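Q: The residues making up each chain are set out below.
Protein chains: 4
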Amino acid sequence: VVSKAVKNPATRIAEPEDGPVHHCGVAGAWSPVSANLPRSLFFMLFSLQHRGQESAGLAWTDPASGAIEHEKGLGMVRETLGSFLERDVPARAAIGHVRYSTAGGSGLRNAQPRVVECNKGRIALAHNGNISNSDALRAELAADGAIFQSSSDTELILHLMTRSRKSDPSEVVREAFSRLEGSYSVVMLWNDELWAIRDPDGFRPLYLATDGGLRLAASETCALLFDGPRPYREIAPGEAWSIGPSGERSFALGGRERSGARCAFELIYFARPDSEVFGRSVHEARTALGAALAEDDGVPGDVVVPVPDSGNIAAMGYARRSGIPFDFGLCRNHYAGRSFIMPDPAKRELAVRMKLMPVRSVVSGKRVVLVDDSLVRGTTSKIIVRLLREAGAREVHLRLSSPEIHEPCYYGIDIPTREELISNRMSPAEIAAEVGADSVRFLPLARLDECLGGKGGHCKACFDGRYPATRGEGN
Amino acid sequence: VVSKAVKNPATRIAEPEDGPVHHCGVAGAWSPVSANLPRSLFFMLFSLQHRGQESAGLAWTDPASGAIEHEKGLGMVRETLGSFLERDVPARAAIGHVRYSTAGGSGLRNAQPRVVECNKGRIALAHNGNISNSDALRAELAADGAIFQSSSDTELILHLMTRSRKSDPSEVVREAFSRLEGSYSVVMLWNDELWAIRDPDGFRPLYLATDGGLRLAASETCALLFDGPRPYREIAPGEAWSIGPSGERSFALGGRERSGARCAFELIYFARPDSEVFGRSVHEARTALGAALAEDDGVPGDVVVPVPDSGNIAAMGYARRSGIPFDFGLCRNHYAGRSFIMPDPAKRELAVRMKLMPVRSVVSGKRVVLVDDSLVRGTTSKIIVRLLREAGAREVHLRLSSPEIHEPCYYGIDIPTREELISNRMSPAEIAAEVGADSVRFLPLARLDECLGGKGGHCKACFDGRYPATRGEGN
Amino acid sequence: VVSKAVKNPATRIAEPEDGPVHHCGVAGAWSPVSANLPRSLFFMLFSLQHRGQESAGLAWTDPASGAIEHEKGLGMVRETLGSFLERDVPARAAIGHVRYSTAGGSGLRNAQPRVVECNKGRIALAHNGNISNSDALRAELAADGAIFQSSSDTELILHLMTRSRKSDPSEVVREAFSRLEGSYSVVMLWNDELWAIRDPDGFRPLYLATDGGLRLAASETCALLFDGPRPYREIAPGEAWSIGPSGERSFALGGRERSGARCAFELIYFARPDSEVFGRSVHEARTALGAALAEDDGVPGDVVVPVPDSGNIAAMGYARRSGIPFDFGLCRNHYAGRSFIMPDPAKRELAVRMKLMPVRSVVSGKRVVLVDDSLVRGTTSKIIVRLLREAGAREVHLRLSSPEIHEPCYYGIDIPTREELISNRMSPAEIAAEVGADSVRFLPLARLDECLGGKGGHCKACFDGRYPATRGEGN
Amino acid sequence: VVSKAVKNPATRIAEPEDGPVHHCGVAGAWSPVSANLPRSLFFMLFSLQHRGQESAGLAWTDPASGAIEHEKGLGMVRETLGSFLERDVPARAAIGHVRYSTAGGSGLRNAQPRVVECNKGRIALAHNGNISNSDALRAELAADGAIFQSSSDTELILHLMTRSRKSDPSEVVREAFSRLEGSYSVVMLWNDELWAIRDPDGFRPLYLATDGGLRLAASETCALLFDGPRPYREIAPGEAWSIGPSGERSFALGGRERSGARCAFELIYFARPDSEVFGRSVHEARTALGAALAEDDGVPGDVVVPVPDSGNIAAMGYARRSGIPFDFGLCRNHYAGRSFIMPDPAKRELAVRMKLMPVRSVVSGKRVVLVDDSLVRGTTSKIIVRLLREAGAREVHLRLSSPEIHEPCYYGIDIPTREELISNRMSPAEIAAEVGADSVRFLPLARLDECLGGKGGHCKACFDGRYPATRGEGN
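Residue numbers (my numbering), protein chains in the order written: chain A, 1 to 475; chain B, 1 to 475; chain C, 1 to 475; chain D, 1 to 475.
It should be emphasised that the hints constitute simulated quantities derived from the structure, not laboratory data.
Possibly wrong hints are sitting among the right ones.
Unchecked claim - Here are the simulated SDA-like pairs of lysine to any residue, each with C-alpha atoms no more than 25 Å apart in a straight line: (1) A/K455 / A/E257; (2) B/K347 / A/D227; (3) A/K455 / A/L445; (4) A/K347 / B/N424; (5) B/K382 / B/E450; (6) B/K347 / A/E257; (7) C/K347 / D/R174; (8) C/K455 / C/P300; (9) B/K347 / A/S34.
Predicted, not measured: the structure shown is a model, and the values here were computed from it.
Please build the complete structure, drawing on both the sequences and the hints.
A: Put into structure tokens, the structure is as follows:
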């Protein structure tokens with residue numbers, strides 16, 4: 001529990017190429033009359049499963065006692081919360097969380113939501129993001145008598161709220177959240193109120209659906225529509241929204257002027273294609289990325305093959321713009337959901353083969369344009385290129401629908417150290433030699449903004465090192 | 001165990017639209033020197049997981065004692081056999097099986113391989129298929145003193161072998177297998193020999209790879225290439241192949257003349273796209289089916305959308321031939337691997353939504369050509385059409401890359417009763433009205449043969465009712 | 001499955017001192033009207049749990065379909081069959097089994113009852129004992145075409161029944177069971193009949209209760225009275241009893257004259273003290289054993305201390321006869337139900353300490369008479385003596401309520417090899433030196449018969465080597 | 001978590017007759033050099049398993065990083081901490097806890113030890129007892145900004161320590177613990193120090209062993225001797241002891257004069273017979289209770305039968321003093337470790353029968369003196385008396401080795417409400433009629449002190465209502 005919380009930057013990380021490295025997801029629901037909201041939360045969290053597989057949790061306010069109940073566990077949503085499919089649990093307010101294990105410590109003690117009782121009443125809180133000034137705040141709060149039972153930022157927010165001398169809830173929130181730097185999308189139960197709060201830079205997405213009296217909040221719109229279409233809007237950067245028996249409110253957290261710092265990788269890789277995030281269709285953004293990647297390329301390919309499924313849409317965008325036919329040249333084994341942990345590191349290739357196999361009839365004798373979303377360490381790409389060559393590909397041209405990654409992220413994404421990032425060690429030509437490709441090309445950084453579209457103002461620090469906010473004490 | 005085995009035809013079945021209804025897979029390995037073949041089998045079975053998720057099992061001949069060891073369990077390959085990833089189990093011969101639960105009874109007692117000791121020595125046997133004259137054989141064998149401890153056909157084959165008075169193993173096999181009608185692809189350990197045997201009609205695929213002294217056998221080629229490319233060939237219909245310390249042999253089971261009865265659905269839906277079955281690339285066959293479906297269609301679509309993943313390749317084939325752009329208009333949640341069992345049947349729609357969600361930016365305002373592999377009951381298609389319309393699709397035209405299904409299968413595929421088959425109750429126009437589509441069109445039966453290609457001679461009985469072999473006692 | 005079945009004698013064995021080494025238990029129930037007999041069986045098997053902890057199983061005839069259903073699993077009754085506490089499963093006939101893993105192979109494939117379908121209909125069979133001529137029978141049956149799917153004797157009995165040409169069920173049973181040598185107490189479902197059959201030597205106990213129309217059969221009477229008192233009688237040696245829709249029957253299996261060979265260890269150690277076996281109260285027999293042990297002893301003790309719980313009653317009998325006060329000088333940790341498997345064999349002492357701890361106030365400064373039921377290898381006794389001395393015992397005199405064990409058992413008890421038996425290597429004086437006791441004394445063999453009482457005719461072969469029946473092929 | 005913590009008095013409780021209702025146990029270890037202390041803690045907690053079966057936990061200071069690691073889980077010690085048997089985890093300090101679920105809420109969130117990071121460094125704390133002024137302290141601390149994440153008293157102690165302005169650890173402890181009322185035996189890791197602290201009234205036992213440089217602390221001495229004998233002493237009421245790199249210390253918490261309030265039930269029922277608690281051998285105390293109970297009794301019995309195992313020793317004491325023979329007239333099924341939860345409350349009798357069965361040969365025709373430790377609701381006793389009568393007992397005289405229970409406990413024992421206590425509703429004669437006994441007799445309250453012996457000063461409030469300390473806010 002109390003092992004030193006290494007917050008900035010994340011250092012031990014799986015590679016994006018190796019599977020999802022999403023950074024948590026949140027969801028909440030409020031109903032004017034008692035309803036089985038925990039069951040709705042189950043479906044919403046199931047829709048957000050791609051944002052975190054380490055643990056999942058639910059909290060809800062019991063309408064009879066006013067107590068906040070919760071259940072959480074290590075594992076997938078279906079395993080940990082599956083009982084809610086068959087239970088009838090009435091509630092007027094509920095929140096939930098899926099967690100991806102990041103720096104700072106894993107395990108059940110860091111699972112969310114965190115539920116407490118304090119001078120502000122009963123509170124349950126879950127958040128998605130990374131508080132970049134957490135070390136300083138933690139030290140300050142500890143000196144003032146705060147006890148930390150986990151290494152998560154959630155406790156820190158709760159301690160800040162508890163220390164507020166304000167009596168109006170809005171004032172408490174404003175005072176507490178004004179201390180936070182970094183990224184957060186928060187859902188909170190405060191007695192029988194539901195709150196949704198987003199950091200002023202807008203790093204992580206957060207959406208709100210209104211459906212008669214019902215309110216649903218979630219990291220991505222796919223979770224809001226789990227049982228049918230309904231209108232939704234983005235919770236604005238710096239907005240604090242709440243609803244409760246005494247009404248619905250929204251106010252700005254305030255603070256310094258911000259120009260927006262929406263995480264580019266949410267659109268490039270994290271979010272589900274059927275979601276809207278940052279006011280932009282994820283599918284459209286990825287199609288645009290693929291098209292932009294094709295524009296000045298001119299590589300003489302016979303077939304465009306995606307690395308499934310992360311490269312699917314960009315590959316299709318590339319194929320359309322380039323006129324080179326799209327085809328499924330790699331077959332993904334859908335039962336390889338969770339990675340194998342191979343005892344022998346030399347068996348890494350076998351693990352990739354269990355997930356992806358080349359389709360000989362598609363690639364044999366062909367000049368293959370292989371499209372993936374990003375390149376981090378390059379180890380998996382090297383194996384995939386080998387698979388394609390084994391299946392007879394004449395040429396393999398690796399295309400990435402994001403620019404070269406050079407810098408760590410301080411706002412919630414797991415990226416290896418600078419030394420491990422292949423783009424810090426090699427030029428595209430050197431990378432091509434390393435992974436065995438005939439050529440490697442990245443999306444030009446200059447094209448990124450137009451592809452991400454939406455309301456603009458994205459954080460591209462991992463590409464260009466221009467951090468929109470503090471990076472933690474050490475920096 | 002001893003509940004009456006209802007063999008012909010299968011009656012309680014999940015719908016192909018609802019997920020995989022593959023009918024088991026087999027694999028085997030033989031090495032001239034002791035090697036960790038059980039671990040290889042693990043990877044081979046993992047590659048065949050799509051053919052059966054109910055149970056999985058392994059058997060191998062211990063090189064020291066000559067005993068046949070086995071492990072099997074209910075569940076996925078990774079859960080039941082995962083320990084083999086970390087164990088070092090030497091063997092010269094091994095076989096394995098993944099089982100899809102079919103009529104005749106589920107549960108661990110029907111898991112394969114089945115391992116016995118008898119007057120022929122030690123035998124382990126696993127099979128994929130359906131013995132259509134099993135009721136008659138079972139009655140005959142029981143009258144002769146045979147004891148049945150399961151309702152699977154595997155025991156029946158073993159009893160036939162035991163009863164042979166021949167001493168030469170090939171004669172025993174020939175005598176025993178000559179009694180069988182129906183479909184089977186069998187792998188067998190006979191003391192320290194590995195056998196692979198395929199029914200004379202060739203209903204189910206079976207392949208053999210040769211790699212130096214190593215031999216691998218499996219239902220699909222994807223399993224043969226689990227750790228790299230190697231040459232392979234089809235085990236011919238009616239071929240019995242074996243290898244052991246005394247050498248390698250192959251002979252024809254003999255019997256009446258056959259014209260071939262390869263299951264069309266293996267190419268249409270069951271096999272993995274990166275496999276070759278019946279001498280034909282699955283990916284090529286599906287591309288051809290999609291193209292043929294497009295040929296005389298002329299529907300004015302704006303976008304071709306597959307039902308992922310079963311419709312992916314045919315949709316791409318359709319798009320290429322028709323010139324209508326292909327796009328991913330339905331997003332599949334990859335964590336919805338196993339179906340939800342919803343307590344309330346009215347919640348069926350919710351279960352589909354957990355698997356598939358429409359991508360508004362792709363389908364809104366568009367005339368959508370929706371491509372799936374087949375139509376059985378039509379219930380899931382109805383929900384999918386509704387999802388697309390909710391997301392703004394202007395028109396939805398449902399296209400199926402197989403002909404209309406009219407008849408049950410007696411050779412191993414789970415198909416509902418005639419009454420439940422929507423094509424027995426409605427014309428395409430009526431189906432369109434029922435599922436809410438603007439039009440519905442099936443692959444013309446006349447185009448099937450050219451698409452399936454390969455060596456020809458396919459079983460299309462579920463489409464046209466022309467059964468190539470006996471259908472069971474009642475017929 | 002097909003590992004060589006080492007039947008005679010059992011060689012790998014836990015030590016009686018280390019915990020229960022009972023050899024299986026059986027139970028059955030029949031009701032003239034449908035009742036939740038599987039649930040009754042759960043309670044009966046739970047009462048017989050001390051006879052076997054490796055696996056447990058139930059079978060019952062479904063009154064609607066006539067099919068025999070079954071469930072079995074590895075583990076304790078509560079774990080494997082606990083669901084029956086809450087299920088309502090109607091049946092008119094049911095049987096069950098608890099298994100202690102013995103030579104011949106463990107694992108689920110040897111769990112009982114075994115359920116088959118054959119020319120005699122549907123049969124489920126469970127047995128307690130050891131067929132001593134099984135190797136010869138197995139070879140004969142295999143030559144005749146029988147298939148063996150396990151190494152248990154149960155299959156063998158079923159094959160014998162199947163091979164009978166008789167049509168009358170009693171004749172079938174008589175013919176099949178006349179071939180068996182060794183020990184067995186069998187319960188069997190034959191379609192909708194319940195059978196209970198005991199070997200002609202009467203090695204293992206078997207009892208039958210009559211309660212209106214209800215019939216209950218079990219290895220020990222404690223299981224018959226699970227829900228209240230009811231009258232019972234012993235199934236006689238060589239008796240075959242059955243009940244079914246067509247009535248109740250009993251007949252003698254017949255064969256050569258026998259003088260009775262009831263296993264002495266059932267009374268000395270195996271059976272529960274509240275049971276009657278062989279017409280004798282177990283509690284009375286153990287009290288008599290303790291008293292006889294005291295009679296000529298004359299050791300000057302201050303306190304009689306049992307090794308709990310196996311030595312409790314004999315210690316009390318000893319204390320009463322000798323006049324030396326009884327006291328609980330060893331405290332048993334009731335949570336140490338299953339033995340620890342200590343990775344380091346040197347940690348064996350720690351495992352004993354987790355089960356048994358000395359009570360200083362009872363033994364300090366005292367001359368302790370330590371009473372246990374038997375001495376096999378002597379390793380645990382050595383540790384217990386050390387514990388008592390550590391707690392201040394001035395003298396420790398070890399007394400065993402059974403004679404010295406010299407020979408293996410061929411009828412179902414796990415006894416180490418001759419070489420491992422401490423009484424084959426040392427005199428009592430030498431044993432005392434070895435285990436650190438001041439003296440060691442065994443029950444005189446001559447006193448055994450009077451203590452066991454009941455109807456006489458006990459098997460004492462492990463003490464005197466006089467085997468009442470065949471010992472297996474090798475002998 | 002935030003459900004209202006009902007502290008005074010405990011209301012939902014299992015009945016002592018129904019099995020252990022011990023109230024938690026604690027253990028700690030310190031070594032001058034790194035050693036596998038977590039493994040030692042496993043054995044110590046296993047020895048204290050009878051004090052709590054709901055959850056178990058371990059914490060230890062990592063010697064390399066200084067971090068405090070922990071593992072805890074719901075279930076028995078073997079299930080939750082069994083991995084420590086095989087792991088080598090070096091530590092110089094470690095603590096552990098077994099928890100019995102009491103009022104205030106169960107579940108993993110209340111499992112101990114609780115591990116935090118605060119202005120005093122890293123602390124892990126576990127306690128056994130009940131803080132009677134916790135509601136007032138909790139309110140005060142919450143008003144001051146404390147956050148509560150559980151309903152356990154442990155957090156409360158930690159908050160008090162954090163609020164201390166002292167810098168000397170002893171002063172911090174003195175200041176914090178001076179605020180506590182009620183019962184506690186605490187073990188604590190404070191960075192790399194081990195602490196053991198006992199409340200000034202001495203309600204719960206706490207012992208300390210010294211073995212060279214090694215220190216072991218535990219609720220009962222049986223845990224100190226888990227691997228062999230070593231010297232020990234009682235931690236005195238009001239003593240705070242600690243050891244760390246800078247040395248060993250002990251001081252008195254101070255405060256008002258106390259006369260001692262050792263819980264009588266620890267000796268009567270809770271502690272293990274081989275333990276010493278409060279300077280008194282538990283076995284001797286129970287023998288004395290049985291003897292005192294016999295003294296003026298004069299009931300004409302034929303046999304003294306204990307309710308195993310809680311009545312064993314008192315029954316033996318009774319038998320010795322009265323001269324009536326002791327015998328095991330009730331047989332306990334050792335596999336009935338955890339109670340059955342019978343779906344039908346009318347099946348309660350069946351649950352008792354699964355645990356206890358009468359031994360006919362002992363009780364038939366006899367006048368039975370039945371000895372148990374206490375009588376709470378009387379429901380189980382009623383069933384036991386019926387069992388004995390069914391087995392032929394001519395008379396049954398129920399004797400309890402404790403006085404009549406009239407009042408609830410505010411210091412950690414689960415006792416039903418006043419209304420449920422049978423002694424508040426009936427006289428002994430009426431109880432005899434209710435439970436079906438010929439007579440019922442309790443230990444005279446006046447005899448209790450001499451039997452408990454030791455250093456005197458026991459809490460007997462549940463018998464006489466004289467509470468030695470506050471009882472909570474409501475009183």
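Q: Checking one constraint from the list: CA of C/K347 to CA of D/R174, max 25 Å. Satisfied?
A: With a Cα-Cα distance of about 42 Å, the restraint between C/K347 and D/R174 is violated, given a limit of 25 Å.
Q: Does A/D227 lie within 25 Å of B/K347 when you go C-alpha to C-alpha?
A: With a Cα-Cα distance of about 10 Å, the restraint between B/K347 and A/D227 holds, given a limit of 25 Å.
Q: Under the criterion that the straight-line Cα-Cα distance not exceed 25 Å, is the pair C/K455, C/P300 satisfied?
A: violated, 35 Å
Q: Verify the proposed pairing of B/K382 with B/E450, using a straight-line Cα cut of 25 Å.
A: violated, 30 Å
Q: For a C-alpha distance cap of 25 Å, please report whether A/K455 and A/E257 respect it.
A: Distance ~16 Å between A/K455 and A/E257 Cα, so the pair holds.
Q: Starting from B/K347, check that the Cα of A/S34 is at most 25 Å away, please.
A: holds, 20 Å
Q: For the pair supplied as a hint, A/K347 and B/N424, is the alpha-carbon distance within the 25 Å limit?
A: violated, 51 Å
Q: Can you confirm whether the C-alpha distance between B/K347 and A/E257 stays at or below 25 Å?
A: violated, 47 Å
Q: Hey, A/K455 versus A/L445, does the alpha-carbon distance stay inside 25 Å?
A: Answer holds: A/K455 to A/L445 is near 18 Å, not above 25 Å.
The structure fails to meet hints 4, 5, 6, 7, 8 from the earlier list, while all remaining hints are met.
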